[in-house]
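J.: Here the protein sequences come in this chain order: Z, W and G. Mind the numbering: the first sequence is residues 17 to 604 in my numbering, read in order. Mind the numbering: the second sequence is residues 24 to 322 in my numbering, read in order. Mind the numbering: the third sequence is residues -6 to 302 in my numbering, read in order.
Derived from the structure by calculation, the hints contain no laboratory data. You may find that some hints are simply not true.
[As the list claims (entries may be wrong)] A few chain G positions that, by computed beta-carbon distances, are all more than 10 Å from chain W:
| id | residue |
| --- | --- |
| 1 | 61 |
| 2 | 66 |
| 3 | 101 |
| 4 | 134 |
| 5 | 154 |
| 6 | 218 |
| 7 | 236 |
| 8 | 241 |
| 9 | 262 |
[Stated by the list, open to error] Derived CB-CB ranges, DEER-like:
| id | chain 1 | residue 1 | chain 2 | residue 2 | range |
| --- | --- | --- | --- | --- | --- |
| 10 | W | 135 | Z | 588 | 57 to 63 Å |
| 11 | Z | 36 | G | 124 | 27 to 33 Å |
| 12 | W | 187 | Z | 298 | 24 to 30 Å |
| 13 | W | 148 | Z | 23 | 26 to 32 Å |
| 14 | G | 10 | Z | 319 | 53 to 59 Å |
In this text, a Cβ means the ideal position worked out from N, Cα and C, and glycines have one as well.
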Amino acid sequence: MKLVEINGLTVSFSQYGGDVAAVRGVSFHLNEGESLGIVGESGSGKSVTCMALLRLLGANAKIGAKSMVLDGVNVLDADAEGLAQLRGRSAAMIFQDPMTAFDPVFTIGHQIVETIRAHRKTAKRAAWAEAEQLLLRVEIKNAKDVLNYYPHQLSGGMLQRAMIAMALSCQPKVLIADEPTTALDVTIQAQILQLIKKVQAEFGMALIMITHDLGVIAETVDRVLVMYGGEVMEEGLVQDIFDAPQHAYTKTLLASLKAGATKPDDATKADETAVPALELRGLSKTYRVHQGQGFSRKYADFRAVRTVDLVLPRNKIVGLVGESGSGKTTTGMMALRLTEPSGGQILVDGSDISTLEPIALKSFRRRMQVIFQDSYSALDPMMTLAQIVAEPLHIHGITPGKQQTETALDWLEKVGLDRNFGQRYPHELSGGQRQRVAIARALILGPSVLIADEPTSALDVTVKSQIIGLLKQLQREMGLSMLFISHDLGTVRTLTDTVVVMYRGRVVEQAPTAQIFENPQHPYTRALLDAIPASNPRDKRLRTFLSAAEIEAATPRYTVIQTGMAPNAEPQLVSIAPNHLVEAVVTT
Amino acid sequence: MSAETLIPAAVIAPQYRQRSPLYFAWRRFTGNKAALVAGAVVLLLILMAIFAPLITPIGPEAQAYLPQALAFPSAEHWFGVDDLGRDFYTRIVYGARVSLTIGFSAAAFSVVIGIPLGALAGYYGGRVDWFIMRIIELFSVVPPLLAAMLLATLTHGGFFTIVLIAALFGWVNVCLLVRAQVKAFREKEFVRAAQALGASPWYIIRRHLIPNSISPIIVGFVLAIPLAMMLEASLSFLGIGVPPPTPSWGQMISIGLNFMFFYWHMAVFPTAALAITVLATTLFGDGLRDALDPTLKGR
Amino acid sequence: MTLFILRRLVSIAVTFIVVSIIIFMMMHAIPGGPFDGNDMPLSDAVRAKLMARLGLDQPLHVQYLNYMWGVLHFDFGVPYQSPGDTIIGLLSRAWVPSLVLGGAGVLIGAPLGVLLGMAAALNRNTWIDYLASTFATLGLTIPVFVISLMLILVFAVWLNWLPASGWGKPERWILPIIAYAAIPLATYARYTRSAMLDTLNRPFVTVLRAKGLSERRIIFQHVLRNSAIPLVTVFLPMFIGTATGSIFVEAMFRVPGLGAYFVSSIEKRDYPLEMALMLMITMMYCLAYLFSDIVYALLNPRIRAGGKP
């Protein structure tokens, strides 16, 4: 029996100066218990389609369809009461950002109980007991406590679990997951995806998984709908789509996914003896946090980064990976002295810049540049592209004014944009184009070191591979040394020569890229690699996850003889192979 | 890097013509009928104030109609004649001059004080911000009108004093608006990028932060105008504002109050003039804010 | 939480002291003491004696400390305009009409404003919204004395329904109460509208809809509760704000309240009374802000419940 049947759905949003079509004639169906994936880039209309199915779109949306049936009810004709009946009970939804999905002024328990009682006549006490059971089923161990927590007291991963529990509370027939893991770390993402599959089986629900990530699709669904520009490009069984894509767009998507599997071509051989382009020695960052209780003022030191050593050899790309909060971005920002380090040295071409005054620092800034994650906020919206790209020349007063613009336009061409883009403003560009401008600005001074802080994680997959290609090409041409900060292991694998893994403010492993992917030593590195979604549905598997305590407990142990170091109960970095360091406990 | 060609042309969605944010701001503004009408009224008032001598041939202080003192409105004297034999329409028109001049100059002063302080507080944060915020807190606990009354008595009122008093209480708003905007933008990555290039704080504030604060500055400026006009009218109403015989609406209302029961025109016209001006300026400012404030986008 | 309140307390105490010093200095900078007026020519000897009796011959900082010491004991000194009385005595008789009228105005205006704001937010971009917004803007922009004047002109002069001024009979209270209610009504209508629109745009409202709650429950339980936080915190400062409005309302309606004293204290250069009024209002503002901060902390789980347990 068909649970969802949509026929010729169109959605348009009325804006000033007319309507903008978001969905143009989408049709699909969903059987009971089936898992359907909808994949597409931002703006493809995938989310809008599902929001339209539950009639959750705002008043400025115009919805039209030949028919749109959910659980036997024609959604388009349903009145407010009928919709409330349908939502939560026939179809429940989980959203992208769990941090903003809960009402901040009520406890988790209150919000789950409220959902239960909105749909079923249940006594308050029974509903609370049920809520606790639901939290247990989504593998929240201290469920009783969590019921009384406010949303801000829980982490993103925990909140997403609670969100799933809330969605399950009325035993919906279909669970709609709208990018449920995009805002989460890789390791958490894998756990949440596995949890969704588990509860889907337990509750016998159907699933609609909306995502931009083909890996998520490969892991979770039976059938796929590929959307682009508000239309369905292709539909088919997940294995067929991966093995034999019919549509050109699907092929492009898959190509950008497969790009992650190719090996980097080792063109340049670094001179081991040369002074590294950038070296961090014992760099650390400690934040003071108030722990005020009553009249006594207490401070606690939060060690965001603890004594990181890192070497960025000339003409090489070093990947710095870790989850959010691991201190990888802080490390990058400290290297640029955009965040003041609490201790340690920063050596650029062998000279320490960690204590230089702004004026003395300025000449070093020419040698070291940065590109950021969010290309939108990386460009001043009030300046033209030519002005933006020429700004470094302007700040350093290098060439006369007229020539500055010429050089800037040359650089626009170098990064693959037309010269006549010079007069445009950032909002007129797409995300990928903006990131190209940011790259041009960073490289116009001819720096030797480039720090790239998640430069591709806000981009659509197809654009991502283009930007990576551009970075790779420019790195080779200019002989750049690049520190590539990312949580995206697929990209790191294709791009970098060496990988440094950070975990809770420490470097836990460091090795040549190929070696770390083939032979990870530290339990956290293993967990990180294990969490990468499969690139083909054939490879999907059940995973086991380690808690933080388990990771801590599984820290490798080496003897004094193996390492030649003094025994120490505290974990420290030990060398286990050429260029391969891992954090371990050295025992006698 | 022609990577865009990786996507076959067939599947690229039709490109919409990109419009500038100012275009959308303009569309939002023109979509707001109240603000549009208010803007027109403000423009009219400004023109009226500038060309006052062309509109009415008699000076505002000329007691040319003493025999007809307190005459009701007629074809000859649209708004009647006041108690001292002056054409009341003339006085209202010239009153617009006083009101608008005080409003605009006080707003200009507010902006001049508010922008640098707001930018400093927003950019540096920490101690600088703490200090400026404490000053602002001082202003929040002192009732502005009472303090203005005190200052006005202390200095015996006068045109320029009123402008200064109004600016003294007007800058706080501009400062807070600029501070909020600068604070939001100083974390933006283009500011970090400029820092990474070695740009000085002054360069960043001047070239990036203030241009990006132009919307709140305009809004702060426009909304400071009615506040200053209201302050002037209130002080003049109490007899400690612009001294007679300079025509001021607040002063006229205060005098009109005594004649209210018999010569209604003495109270009604200045009241209406003040109400319309203040209301129009505020609605215009509100409309500008809604149009320029990107956080309201899509609502 | 305790620390938060303590810090606010210190900060507000400092603010108050600074303001009191500024007011004190300003007051003494006024050219022409109370006995310089032409209507009361005094010989130098008498003047010196009077100055000594009132403590005006001592150094400024001593005068200030003496004064503040008195303030702590609710002794604001003697008003120059009626030397037989004390300021506290004078004000204790005057503040009753102000409180009754102002309080009634706020208590009527604020709830009406909330309702108006809600109606506007829930019917965004309809005529209800436009009407409510225009109404709110009118109330906030038009000076109180203009509103009062309009009320008198319409209801007392033209329609002759209600008496224009005075105090005593309850029907005389109606117009001043309406005048007092205008600002709270407008303030609340505006605040409520924008706070509710803010909340309605937050993602969790979509989640609430997606889980099948009725629109009623979403609005009244979730949206209102989230919007209430800013609304509760502006209440007290706004209430104190009506004290300033009293100058005009009471002047227009000839109510024998605090407002009359504000005006006469300034006209007659009555330093002690002027200072007392300014200080009291400043102090009330300080307390109002402090209290609002506490209420804000109590209502906001982020502060009340602390961080991650």
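J.: If you check each hint against the structure, which ones fail?
T.: Hint check: 4, 7, 8, 9, 12, 13, 14 fail, others pass.
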